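Chain order of the listed sequences is A and B. Everything in the first sequence is counted per our numbering, starting at 1 for the first residue and increasing by one. Everything in the second sequence is counted per our numbering, starting at 1 for the first residue and increasing by one.
The set of hints was computed from the structure by calculation and includes no laboratory data. Mixed in with the good hints, there may be bad ones.
[Said to hold, decoys possible] Ranges between beta-carbon positions, derived for each pair: (1) T482(B) <-> V489(A): 41 to 47 Å; (2) L305(B) <-> L27(A): 40 to 46 Å; (3) T370(B) <-> T414(A): 54 to 60 Å; (4) V449(B) <-> G214(A): 54 to 60 Å; (5) R37(B) <-> F16(A): 43 to 49 Å; (6) L305(B) <-> P474(A): 50 to 56 Å.
[Claimed, not checked] Facing chain B, a subset of chain A residues (Cβ under 8 Å, in silico): (7) I80; (8) L82; (9) I160; (10) L162; (11) I182; (12) L186; (13) F190; (14) D210; (15) L236; (16) I240.
The structure displayed is predicted, hence computed values, not measured ones. All C-beta atoms in this analysis are idealised placements derived from N, C-alpha and C, irrespective of residue type, glycine included.
Spelled out from the first residue to the last, the chains are:
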Amino acid sequence: MQYQFLGIGYLTWITFLPIVGMIVVLLIPRGNANSMKWTALAVTVLQLVVAGLIWMNFKPALTGINDPSGFQFIEKAKWIDLPGVAWFGHVSIDYFLGIDGLSLPMIVLTALISFVGVIASWNINKSQKGYFALYLLLDTGMMGVFVALDMFLFYVFWEIMLLPMYFLIGIWGGPRREYAAIKFFLYTLFGSVLILLVMLALYFSVSIKDPATGQMMHTFDMLAMMNPQNYDPNSLLGGIGTYWRYVAFIALFIGFAIKVPIFPFHTWLPDAHVEAPTAISVILAGVLLKMGTYGLLRISFPIFPDIMLKSAYPLAILGFINIVYGALCAMAQTDFKKMIAYSSISHMGVVLLGISALNSQGMAGGVFQMFNHGVVTAMLFLIVGVIYDRAHTRDMNSFGGLANQMPVYTGIMTVAFFAAIGLPGLNEFVSELFSYLGAFAAFRWVAIFSSIGIVLTAGYMLWALQRVFLGQLPDKWKGLPDINGRELVALVPLMVVVILLGVLPSIMLHPMNATLNHLVNFVHSVGAGMTAAK
Amino acid sequence: MAQTIYQSFGYVIPETVLSIVFVLTLLTALIKKGRSRHLPAYIAMAGFIVAGVFVSRQAGVDQLVFSGMYAVDPFSWFFKVIFLVTGILIVIFSMQSRELAEGSTKYSEYYSLIISLTIGAFFMAGASNLLMMYLSLELVSISSYILSGFTKENPRADEASLKYVIYGAFSSGLMLYGISILYGLTGSLNFYALNQSLASGTSSQVTLLVAIVLMLVGLGYKISAVPFHFWTPDVYEGAPVTVTAFLSVTSKAAGFALLIRFFKIGFIDVGAQPAVAGMWEIFRGLNWTDIIAVLSVLTMTVGNLVALWQSNMKRLLAYSSIAHAGYILMGFVTLTDQGISAMLMYFVAYLLMNLGAFYIVMLVANKYHTEEIDGYAGLGYRSPYAAFALAVFLFSLTGIPPTFGFVGKLYLFAALIKTNYIWLAIVGVLNSVVSLYYYAKVVRSMYLVQPAENTRIEFGFGTNLMMTILMVPNIALMIYFTPILSWAEQSVRMFGLH
Numbered sequence: 001m002q003y004q005f006l007g008i009g010y011l012t013w014i015t016f017l018p019i020v021g022m023i024v025v026l027l028i029p030r031g032n033a034n035s036m037k038w039t040a041l042a043v044t045v046l047q048l049v050v051a052g053l054i055w056m057n058f059k060p061a062l063t064g065i066n067d068p069s070g071f072q073f074i075e076k077a078k079w080i081d082l083p084g085v086a087w088f089g090h091v092s093i094d095y096f097l098g099i100d101g102l103s104l105p106m107i108v109l110t111a112l113i114s115f116v117g118v119i120a121s122w123n124i125n126k127s128q129k130g131y132f133a134l135y136l137l138l139d140t141g142m143m144g145v146f147v148a149l150d151m152f153l154f155y156v157f158w159e160i161m162l163l164p165m166y167f168l169i170g171i172w173g174g175p176r177r178e179y180a181a182i183k184f185f186l187y188t189l190f191g192s193v194l195i196l197l198v199m200l201a202l203y204f205s206v207s208i209k210d211p212a213t214g215q216m217m218h219t220f221d222m223l224a225m226m227n228p229q230n231y232d233p234n235s236l237l238g239g240i241g242t243y244w245r246y247v248a249f250i251a252l253f254i255g256f257a258i259k260v261p262i263f264p265f266h267t268w269l270p271d272a273h274v275e276a277p278t279a280i281s282v283i284l285a286g287v288l289l290k291m292g293t294y295g296l297l298r299i300s301f302p303i304f305p306d307i308m309l310k311s312a313y314p315l316a317i318l319g320f321i322n323i324v325y326g327a328l329c330a331m332a333q334t335d336f337k338k339m340i341a342y343s344s345i346s347h348m349g350v351v352l353l354g355i356s357a358l359n360s361q362g363m364a365g366g367v368f369q370m371f372n373h374g375v376v377t378a379m380l381f382l383i384v385g386v387i388y389d390r391a392h393t394r395d396m397n398s399f400g401g402l403a404n405q406m407p408v409y410t411g412i413m414t415v416a417f418f419a420a421i422g423l424p425g426l427n428e429f430v431s432e433l434f435s436y437l438g439a440f441a442a443f444r445w446v447a448i449f450s451s452i453g454i455v456l457t458a459g460y461m462l463w464a465l466q467r468v469f470l471g472q473l474p475d476k477w478k479g480l481p482d483i484n485g486r487e488l489v490a491l492v493p494l495m496v497v498v499i500l501l502g503v504l505p506s507i508m509l510h511p512m513n514a515t516l517n518h519l520v521n522f523v524h525s526v527g528a529g530m531t532a533a534k
Numbered sequence: 001m002a003q004t005i006y007q008s009f010g011y012v013i014p015e016t017v018l019s020i021v022f023v024l025t026l027l028t029a030l031i032k033k034g035r036s037r038h039l040p041a042y043i044a045m046a047g048f049i050v051a052g053v054f055v056s057r058q059a060g061v062d063q064l065v066f067s068g069m070y071a072v073d074p075f076s077w078f079f080k081v082i083f084l085v086t087g088i089l090i091v092i093f094s095m096q097s098r099e100l101a102e103g104s105t106k107y108s109e110y111y112s113l114i115i116s117l118t119i120g121a122f123f124m125a126g127a128s129n130l131l132m133m134y135l136s137l138e139l140v141s142i143s144s145y146i147l148s149g150f151t152k153e154n155p156r157a158d159e160a161s162l163k164y165v166i167y168g169a170f171s172s173g174l175m176l177y178g179i180s181i182l183y184g185l186t187g188s189l190n191f192y193a194l195n196q197s198l199a200s201g202t203s204s205q206v207t208l209l210v211a212i213v214l215m216l217v218g219l220g221y222k223i224s225a226v227p228f229h230f231w232t233p234d235v236y237e238g239a240p241v242t243v244t245a246f247l248s249v250t251s252k253a254a255g256f257a258l259l260i261r262f263f264k265i266g267f268i269d270v271g272a273q274p275a276v277a278g279m280w281e282i283f284r285g286l287n288w289t290d291i292i293a294v295l296s297v298l299t300m301t302v303g304n305l306v307a308l309w310q311s312n313m314k315r316l317l318a319y320s321s322i323a324h325a326g327y328i329l330m331g332f333v334t335l336t337d338q339g340i341s342a343m344l345m346y347f348v349a350y351l352l353m354n355l356g357a358f359y360i361v362m363l364v365a366n367k368y369h370t371e372e373i374d375g376y377a378g379l380g381y382r383s384p385y386a387a388f389a390l391a392v393f394l395f396s397l398t399g400i401p402p403t404f405g406f407v408g409k410l411y412l413f414a415a416l417i418k419t420n421y422i423w424l425a426i427v428g429v430l431n432s433v434v435s436l437y438y439y440a441k442v443v444r445s446m447y448l449v450q451p452a453e454n455t456r457i458e459f460g461f462g463t464n465l466m467m468t469i470l471m472v473p474n475i476a477l478m479i480y481f482t483p484i485l486s487w488a489e490q491s492v493r494m495f496g497l498h
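Only chain A is shown next, with the shape it has when bound in the complex:
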């Protein structure tokens, strides 16, 4: 097999490198905090290198989604394989990894954000061993979600993230960390168990021919679930547009919506983001939120195309609510971090609006926005972290005039803020443009009303900028030092990406184009075909 190192595929490397790092961290004797940090850094740098290798060897022309031959870097092995005694079917769960143009940006994003997160964690001074071990476990969970093609595997990775996240917020977080941590945990577990049930229902509804024996067997293979012909006619989720298919779609949607988060499932987000330590907020906003929309695109859309076609409009409206509601909430905040947290809700609404348009522009815009928002919001949280580390407050009204005191910091911050507003020449402009373009073609009025969000975003961002960086510098902040080298190492790579993708968006749009077009066609043709067949 191609694309291997030491006989192990690239995707396994990129997923399980952090676990190796975690074991190393656990073996380092207590009190040796520096070697733990460097181990974590080394692992994430290696991960970034592997992500780069994958990027370079990625063939943009291949499609993916439902087509096994369209996936790249495929690794498939039997995980649980039990032929079964007479009255049980063949139980088979695969270790099935592969990527297409939808997962590629997410893998790169995860590797990038994980790397940045380690640098942002450099100041952690409480039980570093536990922190970095959990951090690396979280990293594996995130990466695994984006490469898994077997739904069982997907689910396991999806759930593995919960535990480290709970502890990372709960132990190293801010004053209300306990509340935020358990709220996050309960919300996401609630979503996950719904996904679990749908997964089981899909498993029992889908049968494929066992390649070895030729007998029919159930499978967790997501690609098999996308083929309407594989459904047993009398099974729970068989048929087209049936009651249970709606129920399953909605359950799945709630599971993913909690992660995104889509209104009205968003209330965990402000708490978790605000209380989490900087690096964990970066991970939460940068990667975890994308898992929700990724799940929609990878599972909900292609497995339930019939329901999806009918639900596109409600989804777009939810996107609209997210955009406007998130922006209005952000505007009302005086806590810098909380404002950024609400801005995430607003920006993820753009993703939802774009993908629900179900056309090429919207889809490309939505997925590109997932990547861009990950980078930009990571920058924003890092920026808040910088100021919080120095001033120990996040109250925007207590600041002012920092532009003179911290010029370099202000420069970087300006790039991030303008990217979030969607200024041309920066990355979010492109993705928002495509999202709105797609949405306008599909649902004109929703798109028009949603565009209020652009104005609101500019409003709260500029207002925040004004309150914190312009005006008179209060006396108590006269001693604030400017941004230091370590913080620059975290912020500059992200800034480079922001500008680069603003100028040359095609380097990211090109690899995902074929896949997303295929996804759009697939949902339309299969969904419509199924409806017609009915």
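Since the structure of chain A is provided, determine the placement of chain B on it from the hints.
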């Protein structure tokens, strides 16, 4: 295939071994006059191991012995392994328990009762006759009454024991009444004969229903299903931790084994549809699985909701064990082989995680002298390894990957989805979410709360090893659960079915 009495003895060697060891452990009290604390423990352990060797030889045996009194089949074999593993673990736990060392001097009686309870559980797993069923149930019950009041200087233990006796006597009385009605209806005590008689369809459905409800009271008491659970929290809290752990696994598993066998053999119309396992053809016109579904929902919901308010670790685990009985009952609702194999798998998970949790509770009680959740504050910093292990066990109880508890739950839900009990599956998963809150409360106390004092308390090498032995399968079996799955699937087989 009927075996003569003489031949039958060949099939009960493990039980015979245990009976001999039971006497031997009692005798040590006479020889050493209670001075040696560990001697009876070693004898008991050796007894369990020898019995284990004989049990291992029975793998795959499928026989009905003693004129249909007792079945030695893969199904009972599965439970025997569970009981033996639990027995060995409990003996090890007991040797380390400070509570027992200080609370009593009658160690030989203690260990002999553990053995007698295990013998009773063995017979419960294989009983295929109503009398046998009752006798074995009583053997387990009486042993557990004494065990739960074993530290007799502790007034709570006395209270626990007394409550247990009263509840137990009452419900086994009701069950006996149910048995007598069944005998009156069918004229037979044997499960298989019962089945044939019922299948002829001549008995009165109302009387039959009354009899079944009475039987369910007795069995429901043993598995602590709501509304027969009221004894559980008090007994679990009052009894020594080792006994609580023992009861929560062996006694409950034995109850389930009996429940499954009694209903599966007694009430399935074997002749009608041999291909479709789990048809309840005998109760025509009564939607009978729904009754069990309601029982299951009540059990898990009450268990979980009440557990939310507990501040004592043993009480919390008591309510959690009630909730788990509810989860396990979900598998019983489906009555398919798949559901039963999921139940069996869950027992393996339950054994590992529940015993593990109780083990840490005991260790913490030994060193920190507390059983309150608040007393666990900062355990993650003071005894990191024990706290880590407890966290693994608690998350396994919640059913979150990467723990084996997740696989156990997964298979239960899978069985429900397969048989279209969607509503029950939804109630089940919502219950897991609720349960997270109280399990996480303990974890919160251990890790998120700073301890009042910061001295580290480490446990010895042997203790750490024991924690590892319990913890590793909890994770390893999630990563690779094929052997357990395969074992559970094969163990669904009962004598005379399939």
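Evaluation of the provided hints:
no.	hint	result
1	T482(B) <-> V489(A): 41 to 47 Å	holds, 46 Å
2	L305(B) <-> L27(A): 40 to 46 Å	holds, 42 Å
3	T370(B) <-> T414(A): 54 to 60 Å	holds, 55 Å
4	V449(B) <-> G214(A): 54 to 60 Å	holds, 58 Å
5	R37(B) <-> F16(A): 43 to 49 Å	holds, 47 Å
6	L305(B) <-> P474(A): 50 to 56 Å	holds, 51 Å
7	I80	holds, 5 Å
8	L82	holds, 5 Å
9	I160	holds, 6 Å
10	L162	holds, 6 Å
11	I182	holds, 6 Å
12	L186	holds, 6 Å
13	F190	holds, 5 Å
14	D210	violated, 16 Å
15	L236	holds, 7 Å
16	I240	violated, 19 Å
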